[in-house]
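J.: What follows is each chain in one-letter form.
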Amino acid sequence: MNGSEQDAARRRHAAAAADALEVRRVAVQLGGAAVLDDVSLTAHGGEIVALLGPSGCGKTTLLRVIAGLQPHAGDVLWQGRSLAAVPAHGRGFGLVFQDQALFPHLDVERNVAFGLRMQPRTQHRNAAERRRRVAELLELVGLSGFSRRPVDALSGGEAQRVALARALAPHPRLLMLDEPLAGLDRPLREQLLVDLPRILRRLRQTALFVTHDLEEALAVSDRVAVMRAGRIVQVGTPRAVHERPANAFVARFLGRAAAPGPPPRAPPTTPGPRSSGPASSAAPTSCTGRCVPPAAGTRACWRPRLACYPTICPPRPANAAPS
Amino acid sequence: MLTRPIVAAALLVFLFDFTSFGVVLLLGAGRFATLEVEIYLQTVTLFDLRAAAVLSLLQLLLTALVTSAYSSAASRYGATARLGRAATHERWPASGRERLLVALTVGALLAWLVVPLTALALRALFSVEDGRLTLALFTRLASRPRGAALTVAPLLAIRNSLLFAALTAVLSLAVGLPAARAAIGVRRAWLRRLVDVAVMLPLGTSPVTIGFGFILALNLPGWDLRASPVLLPVAHTLVALPLVFRALVGGLQAVPVRLREAAAVLGASPAQRFIHVELPVLGRAVASAALFAAAISLGEFGASALIARPELPTITTAIFRSLSRPGAANYGQGMALATLLMLTTALSVALIERLRVAAARDF
Chain A
0 MNGSEQDAAR RRHAAAAADA LEVRRVAVQL GGAAVLDDVS LTAHGGEIVA
50 LLGPSGCGKT TLLRVIAGLQ PHAGDVLWQG RSLAAVPAHG RGFGLVFQDQ
100 ALFPHLDVER NVAFGLRMQP RTQHRNAAER RRRVAELLEL VGLSGFSRRP
150 VDALSGGEAQ RVALARALAP HPRLLMLDEP LAGLDRPLRE QLLVDLPRIL
200 RRLRQTALFV THDLEEALAV SDRVAVMRAG RIVQVGTPRA VHERPANAFV
250 ARFLGRAAAP GPPPRAPPTT PGPRSSGPAS SAAPTSCTGR CVPPAAGTRA
300 CWRPRLACYP TICPPRPANA APS
Chain B
0 MLTRPIVAAA LLVFLFDFTS FGVVLLLGAG RFATLEVEIY LQTVTLFDLR
50 AAAVLSLLQL LLTALVTSAY SSAASRYGAT ARLGRAATHE RWPASGRERL
100 LVALTVGALL AWLVVPLTAL ALRALFSVED GRLTLALFTR LASRPRGAAL
150 TVAPLLAIRN SLLFAALTAV LSLAVGLPAA RAAIGVRRAW LRRLVDVAVM
200 LPLGTSPVTI GFGFILALNL PGWDLRASPV LLPVAHTLVA LPLVFRALVG
250 GLQAVPVRLR EAAAVLGASP AQRFIHVELP VLGRAVASAA LFAAAISLGE
300 FGASALIARP ELPTITTAIF RSLSRPGAAN YGQGMALATL LMLTTALSVA
350 LIERLRVAAA RDF
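Chains as they are written, first to last, in numbering that gives the first Met the number 0: chain A, 0 to 322; chain B, 0 to 362.
Because the hints were derived from the structure by calculation, they are not lab data.
Any given hint might turn out to be false.
[Said to hold, decoys possible] Footprint (simulated), chain A over chain B, 3 or more residues, beta carbon under 8 angstroms:
#: 1; stretch: 244-258
#: 2; stretch: 273-280
[Said to hold, decoys possible] Negatives, chain B to chain A, calculated, CB over 12 angstroms:
#: 3; residue: L59
#: 4; residue: L61
#: 5; residue: V194
#: 6; residue: A261
#: 7; residue: S268
#: 8; residue: P269
All residues carry an ideal CB built from backbone N, CA and C; glycine is no exception.
Next comes chain B alone, as it looks inside the complex:
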């Protein structure tokens, strides 16, 4: 019974690990380079685009293989499960053994996730010299210290990131809503499947590959899009789209069919039904999908590392630049930025979760 879901989960973990970039780039420090990091290094530092292209192809092939294995393993289970129905299975752990297991799991998660993040926040908040609580690192974000790795004030990176995140939210809704509607409403099965696969494809492709592809493809003669600041939100939209799409499809499916039919009989055309019934009823799901896209954009690093212009850094690229150069000022800057990023992301995730729960309660 559980074999398939377990295989699917393992493949998903493999996929994420296979395409992980930021952590390896920072922790591997040149000794452990994944394909991702290799593509990045070949492109950015060695300018060997051919080698990068070959590596990208190899990676695409492997991810395609794993993704198709994943989708065939998951198709009969979790992936198609309706959203918002979990409440019926939720209960408190009953026996002592169950409680122990739950406690161990939660404890391990906390240790893995929370300890490094807390350490980061503490380092950012307490002075290295005398160990006192200080906001000095944060107040210094507004100015660019001497010898800093960044060419602009770190605060600008935050502004850029928020701007890109907002644009990403708008773009991914603009693409995701029609796609989700089509994926549900289209009668022909093959067309529906085509939309589904097309939208989900970026999930199996690493952001670095996407960024690399943008750099290669958008070098149009006479119109070099690579310099356009819009490029980054577009890339982020591509990265966020699969997840936004899934959230929207789940939300749309939860709109009772009766409401659509009632609207139809009352004279509403399909477009009118979408605007006057589905969207308003979906309101919360749409809002949470938009926030989701924004959160992904805020934390996105792989594509940003390749595409972001030096004069328009995002929070993540600023963190990376700060941490990869020597100097206490740079280090502190990276800490402070990382803490801020963590806070914004945690806030948006909490908001998304609230919206999701509220949306699930509506039906």
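Isolated chain A, as found in the complex:
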């Protein structure tokens, strides 16, 4: 990462006041069915928000709405200004598709450079500048030396990183990732699960991260929005959502039997308090911020401020069921 990169990151961070992104009462109807129903969501500058929910709950559609690819009711605002009249190619957002959608006729370098070539306003006007920026990004995603490879010769993980580099290249104001880790094999997934938040935090990148996987949401995001059947049912820090699921659905989805303890007092759209309320009795409390059982060759370590979650915490000997 060089000076200009850091400058850009700082500028972006400073410009992002309270709410960089605001989704206001968005609804989408497809074929008579409501895919999104009255969805509102915000993201601060530099914040990573995970959209968590089962497949078919409208997560991807919400990303498409924000990217400008999907006609909708309601409004999407960036720093208080409505994007209703701004087409997808004028929004300056980045989107990593689930299937990557790399351009088959271009090699890795030209894929990553695509956004730079399309936007003459950026400082990457000449070819040398572009090549430098592409090299910088390939290094960032750990693919230096892949410039000349054709994209159909890439493995799934490599293609995913190229897609990430391509989306990041034109300095997007907001980066959206649609299930970026789905379909990758386990070691690779865990590697990217470490690399992705590291890269995003280094760039102070405002990001929306779509996943149906709790682990991913917890490892990557500052806040989690849980979706179900086209609605957002709960928003909060990973810890808050985990400790006080808003309803039985969230609890079940988070892998817990039920939602014991008092119902949450906080309205679902405000971030839950860090850890002021009493933790629910069912939440495991003794296990905090430890390493997952390492898959061979990985060094996946969860951020310590996360509490421990059943799905990632190794079973403690005392609790282990005798078999």
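Given the coordinates of chain A, assemble chain B onto it according to the supplied hints.
T.: Below, chain B without anything else, positioned relative to chain A:
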């Protein structure tokens, strides 16, 4: 289930037969004249433009009727099927009966199509007098024999045809690409349909009618376009456009929507998306469409017969002139030209097929 497709196929055959011109003109020899041939004869030999116009109108009306019947019969089936998906249904014939049926069909096709063409090639290659293999007819193409029907050396006809074919390819892409893009990308359904109908219209109109229309319409005072050599490629483009358009629409539809969206999010305007993503990904489909147009131009006769200038003959008009005049030299010339035309057409069709298969494999 199959009734509609069968009706559609029958109507299509009727349409092609109804507007067939070259074969009837040559084989009918005045005894069996179709509307097409009548229009041609009225125009070229009798100069009765009014009679030709009436016949053209009659023909237009009938073809319009049949075309609309065809499109309503085909709309729910084949016509809208995606290109390049056939592979999923392809398999080898399983039972003995199936094999027999396939063999019979292929055999009949071969007998109908290949035997006359082979006979033609053999006649062109073997000397009539002593039956030996000779290229004499081909080497004679470079010069104009005494008493020949053509006013120029036959080789010039080949050059003209290739030139016209190249121009037709360029023109039909220039018109077909924007039209195909519009037919896919336009939001308003009625506008999309309008483009579709407008581009497909020449398919229902016979080339002879098109040629006749050109002759009538382009007689502008002070600027007689009928003498312009560009007229022929323009007419050929009109004839080729429906097929080029269909090929391009199929190709464009096969470009994954995701790629377009990815380009859009990366900041590419619609024009940039077309130039930087769709066209390159389409490369092969575009190439095969261009070749297609060229092949149609090479073999086109109906419009050429009416429009082509005597001093700028195409291969097909040269063949016709050679065969319609007496004399062994003329006859041999026609044979040799026809064989060459056959070879070029077969070559381009083979190339198109390769490109099409390769394009289908890309996705």
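J.: Against each hint, give a clear statement of whether it holds in the structure.
T.: Here is how each hint holds up against the structure:
1. 244-258: Holds, because 3 residues of the stretch 244-258 of chain B bring their Cβ atoms closer than 8 angstroms to Cβ atoms of chain A.
2. 273-280: n = 4 at 8 angstroms, threshold three: holds.
3. L59: holds, 41 angstroms
4. L61: Non-interface label on B:L61 holds, nearest chain A Cβ at 41 angstroms vs cutoff 12 angstroms.
5. V194: holds, 22 angstroms
6. A261: violated, 4 angstroms
7. S268: violated, 5 angstroms
8. P269: Check fails; 8 angstroms does not lie beyond 12 angstroms.
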